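Enquirer: Sequence:
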Amino acid sequence: MCPSSKTVVPMKLSGALDGVETVEITPDLGTEFPSLDLAEVLRRPNSDELIRDLAITICRRGVVAFRAQNNLTNELQKELLQRLGVLSGKPAGHGLSKHPMHIIRKDDPEIFLLDAAVQRATHEGNFGKKRQKGLREWHTDGSYEVCPPDFTSLRMTEVPATGGDTLFASGYELYDRLSEPYQRFFESLNAVHYVPPLEKAANTMPDVYRGPRGCPENVHMDFKQTHASISPVVRTHPVTGWKSLFAGGLHTRAIEGVTENEGQEIIDKISRLIVDNHDLQARVRWINPNDFVIWDNRCVFHCPTQDLDRQGRRLGYRCISVAEKPFLDPNSKSRWQAMEEEEAEEAARQKAAAAASAASAASAASAASAASAASAASAAVSPPAGPAMEAAPMVSAQA
1 MCPSSKTVVP
11 MKLSGALDGV
21 ETVEITPDLG
31 TEFPSLDLAE
41 VLRRPNSDEL
51 IRDLAITICR
61 RGVVAFRAQN
71 NLTNELQKEL
81 LQRLGVLSGK
91 PAGHGLSKHP
101 MHIIRKDDPE
111 IFLLDAAVQR
121 ATHEGNFGKK
131 RQKGLREWHT
141 DGSYEVCPPD
151 FTSLRMTEVP
161 ATGGDTLFAS
171 GYELYDRLSE
181 PYQRFFESLN
191 AVHYVPPLEK
201 AANTMPDVYR
211 GPRGCPENVH
221 MDFKQTHASI
231 SPVVRTHPVT
241 GWKSLFAGGL
251 HTRAIEGVTE
261 NEGQEIIDKI
271 SRLIVDNHDL
281 QARVRWINPN
291 DFVIWDNRCV
301 FHCPTQDLDR
311 QGRRLGYRCI
321 SVAEKPFLDP
331 NSKSRWQAME
341 EEEAEEAARQ
351 KAAAAASAAS
361 AASAASAASA
371 ASAASAASAA
381 VSPPAGPAME
391 AAPMVSAQA
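Number 107 in the UniProt record's numbering belongs to position 107 of the sequence shown; there are no gaps in the numbering.
Rather than coming from a laboratory, the hints here were simulated on the basis of the structure.
Hints should not be assumed to be uniformly reliable.
[To be verified] The following label-pair restraints were derived from C-beta to C-beta distances:
1. L76 to V258: 44 to 50 Å
2. L76 to R285: 20 to 26 Å
3. G19 to T162: 32 to 38 Å
4. K200 to T305: 22 to 28 Å
5. D207 to L114: 15 to 21 Å
6. R43 to A370: 26 to 32 Å
[Stated by the list, open to error] Quick list of in silico lysine to aspartate or glutamate cross-link-like pairs, DMTMM-like style, CA-CA up to 20 Å:
7. K333 to E180
8. K333 to E49
9. K12 to D329
10. K6 to D329
11. K6 to E324
12. K78 to D222
13. K200 to D141
14. K12 to D276
15. K133 to D291
16. K78 to D108
17. K78 to D37
18. K12 to D48
19. K224 to D291
20. K333 to E346
21. K351 to E340
22. K200 to D222
23. K133 to E324
24. K12 to E49
25. K12 to E343
26. K325 to E187
27. K6 to E187
28. K130 to D141
29. K78 to E262
30. K269 to D222
31. K12 to D309
Everything numeric in this text was worked out from a predicted model, so none of it was measured.
Each residue gets a CB set at the ideal place from its N, CA and C atoms; glycine is no exception.
Work out the full structure: start from the sequences and follow the hints.
Expert: Right, here's the structure in full:
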């Protein structure tokens, strides 16, 4: 990968969400907001500050979950996704992704109905009911685009009693798990992302949508990246400034500049890193109707769980925001490195604050002590007022 000339200045949280109840799903990945009502947040006077901090939180934590968002409509879901992208700096003119099949499916072009029964039939057709490997189902949404997505949101309107969980894996953590020589090697590579079923549909179905899919660059109908639009295997996140592994999974079909066998070995290695390290994964269970999840495709892989046979319907609405063309800033840091520096800075800040507080307390104590001493000295040199008044007549009488 030719290093980008773009230098990232990480965005900082303003504190707008301080005090809001949160639960970390795992130490490294995922945050749940158990009681936040997103429809209400969208209408608050300080909604821009809240949504900006929410966007930064998603970029840092990878995925966030909200329970029973019963007031969130399709239109509000679309508004939230677009504002998350805009307020965290996505390119001007980039909007929400339009799925190429939306005309055929009679969907809203910017919000896609996900039906687990359709997915299940597709997967059973490919693997049968006795499929023994879900490794290739891990992916990032829209990675075949010139400008892939930043945020994906999924609002599950019908949930089964059990099953259908969504798994996530941290691209930040995947990069940090690599040895330094492998990190440098992967940083030198580009990956080709490609979705043959979409290309086939575009070539055989007359009603496939052929316009821009969220930005002017996303118009190619082969759904395969060319040399000009190819993505780095390691990318820099534009909001956090952290490096993340971006290749691997369902849509990654080749590695540029190496043989086909070598490319497949690299793709397989990344895929094995995802599935072999459960401690860099998070699992989100869909419990209530209108449970709502947002994830960042720039730093997170995800995978549906195909275990819904006879468990009931799983139906939801997905909306995707379109971001920048992936790039690698050679001066960017890994998450581990950045977190260590942040912790050191916070420790130094707390130490300085404690020193300042101690100095202020010492100064106040010194001032109080000086005032007390001055008061005592004044009392010692000044005679009491009462006896002095009585002595005057005595002197006058003696005269």
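Enquirer: Run every hint past the structure and note whether it holds.
Expert: Comparing the hints with the structure gives:
1. Checked against the given bound of 44 to 50 Å, the beta carbons of L76 and V258, roughly 46 Å apart, stay inside it.
2. Distance hint for L76 and R285: a CB-CB separation of about 24 Å, consistent with the stated range 20 to 26 Å.
3. Our hint of 32 to 38 Å for G19 and T162 holds, since their Cβ atoms are close to 34 Å apart.
4. K200 and T305 have their C-beta atoms about 26 Å apart, which keeps the hinted 22 to 28 Å range intact.
5. At roughly 20 Å, the beta carbons of D207 and L114 sit within the given window of 15 to 21 Å.
6. Checking the proposed 26 to 32 Å range against R43 and A370 shows it is violated: the Cβ atoms sit about 56 Å from each other.
7. Distance restraint check for K333 and E180: the Cα-Cα separation of roughly 13 Å lies within the 20 Å cut-off, and the hinted pair is therefore satisfied.
8. A hinted pair counts as satisfied when its Cα atoms are at most 20 Å apart, and K333 with E49 does not qualify at roughly 26 Å.
9. As the CA atoms of K12 and D329 are separated by approximately 19 Å, the hinted pair is consistent with the 20 Å bound.
10. Restraint check: the Cα-Cα separation between K6 and D329 comes to about 6 Å, which is no more than 20 Å; the hinted pair holds.
11. For a cut-off of 20 Å, the pair hint linking K6 to E324 stands: about 12 Å separates their Cα positions.
12. The hinted pair formed by K78 and D222 fails the criterion: a straight-line CA distance of about 27 Å is larger than 20 Å.
13. Proximity of K200 to D141 is assessed by CA-CA distance (about 18 Å); at most 20 Å being required, the pair is judged to hold.
14. At most 20 Å may separate the alpha-carbon atoms for a hinted pair to count; K12 and D276 exceed this at roughly 33 Å.
15. Distance restraint check for K133 and D291: the Cα-Cα separation of roughly 28 Å exceeds the 20 Å cut-off, and the hinted pair is therefore not satisfied.
16. Proposed proximity of K78 and D108 is supported: the alpha carbons are some 11 Å apart, at most 20 Å.
17. With a C-alpha separation of about 16 Å, the suggested pair K78 and D37 falls inside the 20 Å cut-off, and the hint holds.
18. A distance of roughly 14 Å separates the Cα atoms of K12 and D48; the hinted pair therefore holds under the 20 Å criterion.
19. Proximity of K224 to D291 is assessed by CA-CA distance (about 33 Å); at most 20 Å being required, the pair is judged violated.
20. For the hint pairing K333 with E346, the CA-to-CA distance comes to about 18 Å; that is within 20 Å, so the pair holds.
21. With a C-alpha separation of about 16 Å, the suggested pairing of K351 with E340 holds against the 20 Å cut-off.
22. Straight-line distance between C-alpha atoms of K200 and D222 comes to about 8 Å, which keeps the hinted pair within the 20 Å bound.
23. Note on K133 and E324: the hinted pairing is violated, with a Cα-Cα distance of about 33 Å set against a maximum of 20 Å.
24. Among the hinted pairs, K12 with E49 is consistent with the structure: their alpha-carbon atoms are about 12 Å apart, no more than 20 Å.
25. With a CA separation close to 14 Å, the supplied pair K12 and E343 stays within the 20 Å bound.
26. About 16 Å separates the Cα atoms of K325 and E187, which keeps this hinted pair within 20 Å; it holds.
27. For the given pair, K6 sits about 16 Å from E187 by alpha-carbon distance, which is consistent with the 20 Å threshold.
28. For the hint linking K130 to D141, the alpha-carbon distance of about 26 Å lies beyond 20 Å, and the restraint is violated.
29. Pair hint K78 plus E262 does not hold up; C-alpha atoms about 41 Å apart against a cutoff of 20 Å.
30. The straight-line distance between the Cα atoms of K269 and D222 is roughly 27 Å, outside the 20 Å bound, and the hint therefore fails.
31. Distance restraint check for K12 and D309: the Cα-Cα separation of roughly 44 Å exceeds the 20 Å cut-off, and the hinted pair is therefore not satisfied.
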